Structures are given as C-alpha cells and as structure tokens.
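S.K.: Sequence:
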Amino acid sequence: QGADKPFLDVWFADARQGYAVGAYNLIFRTDDGGLTWAPWFDRTDNPKLFNLYSIRPAARGLYVAGEGGLVLKLDADAGRFKAVALPYNGSLFGIADAGEAVLVFGLRGSVYRSDDAGTTWARVEARLLASAVASARTPDGATMIADAGGRLVRSVDGGRTFAPLSVTPSMPLAS
Numbered sequence: 120q121g122a123d124k125p126f127l128d129v130w131f132a133d134a135r136q137g138y139a140v141g142a143y144n145l146i147f148r149t150d151d152g153g154l155t156w157a158p159w160f161d162r163t164d165n166p167k168l169f170n171l172y173s174i175r176p177a178a179r180g181l182y183v184a185g186e187g188g189l190v191l192k193l194d195a196d197a198g199r200f201k202a203v204a205l206p207y208n209g210s211l212f213g214i215a216d217a218g219e220a221v222l223v224f225g226l227r228g229s230v231y232r233s234d235d236a237g238t239t240w241a242r243v244e245a246r247l248l249a250s251a252v253a254s255a256r257t258p259d260g261a262t263m264i265a266d267a268g269g270r271l272v273r274s275v276d277g278g279r280t281f282a283p284l285s286v287t288p289s290m291p292l293a294s
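Residue numbering for the sequence shown follows my numbering, starting at 120 and increasing by one per position.
Hints in this document: simulated from the structure, not taken from any laboratory.
Take these hints with a grain of salt, some might be off.
Below, a list of computed lysine-lysine pairs in the DSSO-like style, where the Cα atoms sit at most 27 Å apart [claimed, not checked]:
| no. | residue 1 | residue 2 |
| --- | --- | --- |
| 1 | 201 | 124 |
| 2 | 167 | 192 |
| 3 | 201 | 167 |
| 4 | 124 | 167 |
| 5 | 124 | 192 |
Restraint ranges, calculated between C-beta atoms of paired labels, are given here [said to hold, decoys possible]:
| no. | residue 1 | residue 2 | range |
| --- | --- | --- | --- |
| 6 | 257 | 151 | 27 to 35 Å |
| 7 | 167 | 275 | 31 to 39 Å |
| 8 | 256 | 136 | 14 to 22 Å |
| 9 | 280 | 130 | 42 to 50 Å |
| 10 | 249 | 151 | 22 to 30 Å |
| 11 | 153 | 201 | 22 to 30 Å |
| 12 | 143 | 242 | 25 to 33 Å |
Since we're looking at a predicted model, the values are computed, not measured.
All residues carry an ideal CB built from backbone N, CA and C; glycine is no exception.
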C-alpha cells in the first residue's frame, strides 16, 4: 500500500487506540496514539477491495461504510471487521449513531437503519436529494444528516423519520 491510496477517515476510541480507513480497503490500527500503525487489510471481509469511506461507532458497535454497499462491523473477539448484509449496493459515505440504532448513508440520499446491530436493515425516507455526506448527534440526542446539495435533516426518533431543516443560505456541504 502506498501514497496513491488516500486515507478517507480516521477515528479514535481514546487517546491511544484508533483506526484510519481509505481507498482500496486501506485500513490501519494504532494502539499507541498514532506513533505506529499496523495494517489490517487482511482483517476485513472485503474481497473486492472496495473503498472504505467512514469508520464510526454506533449502537454499541464499530462500523465501516464503503463502496458498493459495503458495511463492516468490528468483531472484537475475532479481531476483524466482518461484512453485514445490506439491501443496497450503492456507495455509503457515512455512519450515524441514532441511539439504539445505527444508520448508514450515501449516494442519492440513501439512508438505511438497523436496530439489531446490523443483522437487518430498512430503508429510511430521509428526504435528501443529493448524496448524504455527513452526520452529527446533538447533545439532546437528535441525529442530523446533511447532503452535498446543502440540505439538512433531523431525526428525534432514533432515525426512523427525518424532517428537513431550513438552512439559509443553502450551500454545498461536505462535512
């Protein structure tokens, strides 16, 4: 793996343990705050070497979202990221924590929700017209998702439903 394969996301559990993910199944783990990194390429169920766009905790699990509808979940006991089945094959750019549920989102405003740790998934109508690209959880527990067209939606029921928010002026968003 080399410099032609960019990192696309990084996440740290604490000051020492973290992961970085990126293009073509690029994944590294650190246990010393980033002083050294160990490759985890062989610890993913990603035989097609899809891009890994995001790594985030949600609903008491650690998930990776990627190209081709790929969703991986860390199996800490096995020391690997295992694929979970999703009824979607478009790219997924992010993961959102919705309390007891995990959301994944991506192309054309697609949002999918699981309330059983990734065993089953249901499509959520989030009212996003462009690719969903970013999310945040507010201090009061609401889940926000933004699309590349500048739209922002909010859920207060664990990601089951979303309502649009007025953003003035509206502008393209990336994160």
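S.K.: Give a verdict on every hint.
M.R.: Each hint, compared with the structure:
Under the criterion of a C-alpha separation no larger than 27 Å, the hint pairing residue 201 with residue 124 is consistent with the structure, at around 22 Å. The hinted pair formed by residue 167 and residue 192 meets the criterion: a straight-line CA distance of about 17 Å does not exceed 27 Å. Only pairs whose Cα atoms come within 27 Å are accepted, and residue 201 paired with residue 167 is accepted, the gap being roughly 14 Å. About 15 Å separates the Cα atoms of residue 124 and residue 167, which keeps this hinted pair within 27 Å; it holds.
Proximity of residue 124 to residue 192 is assessed by CA-CA distance (about 22 Å); at most 27 Å being required, the pair is judged to hold. Separation of residue 257 from residue 151 is about 33 Å and conforms to the stated range, judged on CB atoms against 27 to 35 Å. Here the CB-CB span from residue 167 to residue 275 is close to 37 Å, well matched to the stated 31 to 39 Å. In this structure the supplied range 14 to 22 Å holds for residue 256 paired with residue 136, their Cβ-Cβ distance being about 21 Å.
The hinted window of 42 to 50 Å between residue 280 and residue 130 is violated, with their beta carbons roughly 27 Å apart. Between residue 249 and residue 151 the beta carbon distance is about 39 Å. The supplied range of 22 to 30 Å is therefore violated. Our hint of 22 to 30 Å for residue 153 and residue 201 holds, since their Cβ atoms are close to 25 Å apart. Look at residue 143 against residue 242: about 28 Å separates their beta carbons, and that is inside 25 to 33 Å.
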